[in-house]
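Undergrad: Sequence:
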Amino acid sequence: MRIAQVAPLYESVPPKLYGGTERVVHYLTESLVEEGHDVTLFATGDSSTSATLFPCCPEALRLSQSSLPLAHHIAMLEQVLQAADDFDIIHFHCDFLHFPTSRRQSVPQVTTLHGRLDIPDLIPLYREFRDMPVISISNSQRRPLPWINWRGTVYHGLPRDLYHAGAGNGNYVAFVGRISPEKRIDRGIEIAKRSGIPLRIAAKIDAVDKEYFDAKIRPLLRDPNVEFIGEIGDREKDEFLGNATALLFPIDWPEPFGLVMIESLACATPVIAWNCGSVPELITSGTTGFVVNSIQQAVNALQRIDTIDRRRCRAVFEQRFSVERMAADYVSIYSRLQGIRSLPVAVGSE
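Just so we're on the same page, our numbering is the position in the sequence shown counted from 1, plus 778.
List time: in silico BS3-like cross-link candidates among lysine-lysine, alpha-carbon distance up to 25 Å:
hint, residue 1, residue 2
1, Lys961, Lys994
2, Lys971, Lys988
3, Lys988, Lys961
4, Lys794, Lys982
Label pairs and their computed distance ranges (CB to CB):
hint, residue 1, residue 2, range
5, Asn927, Pro997, 40 to 50 Å
6, Leu859, Arg972, 52 to 62 Å
7, Asp1030, Thr1065, 21 to 31 Å
Since the hints were derived computationally from the structure, they do not count as laboratory data.
Everything numeric in this text was worked out from a predicted model, so none of it was measured.
Glycine is no exception: its CB is placed at the ideal position from the N, C-alpha and C atoms.
Using the sequences and the hints given, assemble the complete structure.
TA: This is the structure:
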């Protein structure tokens, strides 16, 4: 199958450090190539891939500090459109940006929606483009827009050899991700404070969250039980998560997936996560961690974390969240869509 993967340009594929969407696109692309598909990746020029790379800008826009990232994405979409007839399927990962153009061409296409959908402004947009085939990354992600053209749910997957089962003997709990209000690292710090277990924070701080970090989080880091490490990559993450007693995922928003949760399971590390978004779909309370609704419940869960079998955590990762399973799910959807090669849809049509 001739497949185009169209990635966002904010990060390289794979990203140098943080970047969930681009990381998933990388794993998917490499797995499809390994299976013998002819894959072209539309991404940044500093991306690394076994597929044919179509560079759409010299480097990740976050690194270049582009002042107008939309311009690069519009140019990329034109390049994709010009090459459309070279593919059997075009798989977009850049939200709805391409909808006005891709609905007007006959090559089968589909979009994985990687972000939150509980935003009122999205309702009129998806009402207009309700014919566009889309894929969710969790069932909970669909709740705000259950009526759009869902073609399937595909959970993210990771290579089996990317991370290794750790013993969890580092005597600390881990937080990995972004410092932002919805990620609620303040909850994580309070959990560590109440439980007496050290917390190590590996997280990036985006420019938009710098003020929040300085005002709300930096003062909390004075606690001797808390260590802020900063942003880390896969190599450091393997050891960091593998040595942790547990991963804290204290979110306060409808998380569409939460890649770090399956990264943790791949390292055989159980997860203590808030009952939000995709969490109950990915974490089985009492088996791969605990799903909680309060700080005290999280503290209690930490006291019982030894009841979780770390070998079971790794086994669940291999059963449910491998890249091979993810790629197979996508290929199945591609094949179905190829049988629905339709004519362009007129604007405003029902």
